[in-house]
Every structure is written in C-alpha cells, then in structure tokens.
Amino acid sequence: MDSMSTDFSGWRYHAGNGSVIWRLMFTGTGQLVGQKRLPMERRSLFFSISERSGRVLFDDFLLLTPDGSAPAGESWLTGIETVAGNLVFLHAYRPNSPEHLGLWAVDAATGELVWSRMDIVFCAILDEGFLVYRPSSFAGFPERTYLVIDPASGMACTRPESGDIDAAVEMLRRNTLQEEQRQGVTLPELLSPEGPEHDAARTGMELRECIAAGSVTAVVLHDCDEPSGGWRSILRIIRQGKTVYEDVMAEKSARPPLNSFLLHGGGLYYTKGESELVALKI
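225 is the number of the first residue of the sequence shown in the numbering used here; add one for each residue after it.
Calculated directly from the structure, the hints in this document are not laboratory data.
Quantities reported herein were computed from a predicted structural model and do not represent experimental measurements.
Idealized CB from N, CA, C, for every residue including glycine.
Treat the hints with caution; some may be incorrect.
[Claimed, not checked] The list that follows gives simulated cross-link-like pairs (lysine-lysine, BS3-like), each with its CA atoms no further than 30 Å apart:
| hint | residue 1 | residue 2 |
| --- | --- | --- |
| 1 | Lys466 | Lys476 |
| 2 | Lys505 | Lys476 |
| 3 | Lys466 | Lys505 |
[Unchecked claim] The calculated label-pair distances, taken between Cβ atoms and stated as ranges, are:
| hint | residue 1 | residue 2 | range |
| --- | --- | --- | --- |
| 4 | Thr410 | Phe365 | 39 to 49 Å |
| 5 | Leu286 | Arg368 | 21 to 31 Å |
| 6 | Gly242 | Gly438 | 33 to 43 Å |
| 7 | Arg463 | Thr382 | 48 to 58 Å |
| 8 | Arg463 | Arg368 | 50 to 60 Å |
| 9 | Glu475 | Leu414 | 14 to 24 Å |
| 10 | Thr410 | Ser233 | 18 to 28 Å |
| 11 | Asp374 | Gln464 | 42 to 52 Å |
| 12 | Glu352 | Arg318 | 23 to 33 Å |
| 13 | Phe365 | Gly335 | 12 to 22 Å |
| 14 | Glu470 | Met429 | 18 to 28 Å |
| 15 | Asp291 | Gly490 | 35 to 45 Å |
I would like the entire structure built from these sequences, with the hints used as guidance.
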C-alpha cells in the first residue's frame, strides 16, 4: 500500500542524513518544535515546523552560551525543557552530571532568542509562572534557592514562602501535569498479552502498540526478524476494521522504536527511519 494514501493529507520533514529525531513538543500557538541529534558529529540541533502546513519555520538551531561566544553544552549536551505560549525553552546540563542547567527562551515561530539565564534550573510550571532554583553550595554542601520567574521575560516574580521549602517544592512537582497531558498529546499503549486482546499483544519476538481515536485506530507492529536479528516496524491505520494506510517505520533496527508515534490535535505524527517525521491528518 502506498505510504501516502490519497485518504490522508499531511506533510513530511527530513532532519538530514545521520540525524536522529530525539524529542517533539507542541506550542500553544500552532508550532511543533523538535530536537535532532547527530551522534557522529556530537551535535544537538533544534527545529520548528508549522503544525498545520508543515512549513519549516527554522532549522539547525544551535544553542549558544548567553554571551554567544560558544555552543552551549559543547554542542551536544542540550535539550528541550518545556513550551509556553509561543516560546520553547531549552536547557543545557551541568558538567559531568545529568542535572539540567540554564534556561533559554526561543520564539518558536522565528527562532529568535528572547532571553537566557545560566544561573537557574527549571522545576515546574505554576499558575504564577515557572518554578526554578539557583544551585549553590555552603560549606561544601549543595543548596537551592527557589523562585518563580515570568516565562515571557525570565525575570523573578516571587520567592515561594514555606517553612519547609523542599517539601513544598516536591508537592508542587507531584501535582504538576505531565508535558503530554498539558500539551494534549496521546501516546501509544503497549498492548498487554493478557485479556481478550491477547492476539494483538506481545507474542514472542513481536510487540504491538496502539492509539485509538474515535473510529480510527493506529497500530504499530514491531517484529524481530530472526535471520537478520533486526526489528521491522509497520504502522497501520485501521478504520471500521479495514486498513486504510500502511507504512514501514523502520527496518533492521537494533531495537524496536517504541513510542515513535503520537496523536495531537487530530494529527498523527510518526518517525520513519529515525531521520524523517511524517504528519497525517486523520
């Protein structure tokens, strides 16, 4: 079956040879922002696409230190933190640590840097703004100073008042919506081998993921080919019991590309061969 059936309209974005599409987020103003990694070059770059039209708004965005003198995170150790309004917020990492460090606000429509700060670490989104902290140390022991900043400017709004700030912060973080919930993203479910759906579940070297959206169901079958030792992943869209779209997402992969498709705003998005992003209106 043709991978771009006439039953569907959509668009494709290719991140470039040797790249891996790493993470996607959706702004509240109609942009899909993503991170791509180039392992051979040890570079991490960012892109933004109009969710409706597929027009690339910016691409190959390299995060720089706030003074613009050098790549942040040695060009590699950077990532997407969150989104708010028309802004995407990027971060680097503390040296030799998995802890995030710094926050850069970038306009998702233009790629313009709006503000940046290297002295803070993002925690959570509150009604009042972003909860962040400043890492420091006293007598050799790590300390954190918490504050709330305005996402639009990066300026401090307030400092949380609490007799036990760590407990208060932990409570805020537990009660914060996951990014997928906040952005209205539906991720696939790995079907269980138990129950009536057993025949569409994990069976030996086979895995199946599923997203149901009204009368349409998207299913990805991951099947390990014993002779080659690689995984083959096929996406099928099923409407009223009939397959109306099919595409091969990956072949001869070292591991199955789990969680490589999602639903957002009536659109189905999936990666093909690690470097290509496909969007379908379903």
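Contradicted hints - numbers only: Per hint list: single violation, 13.
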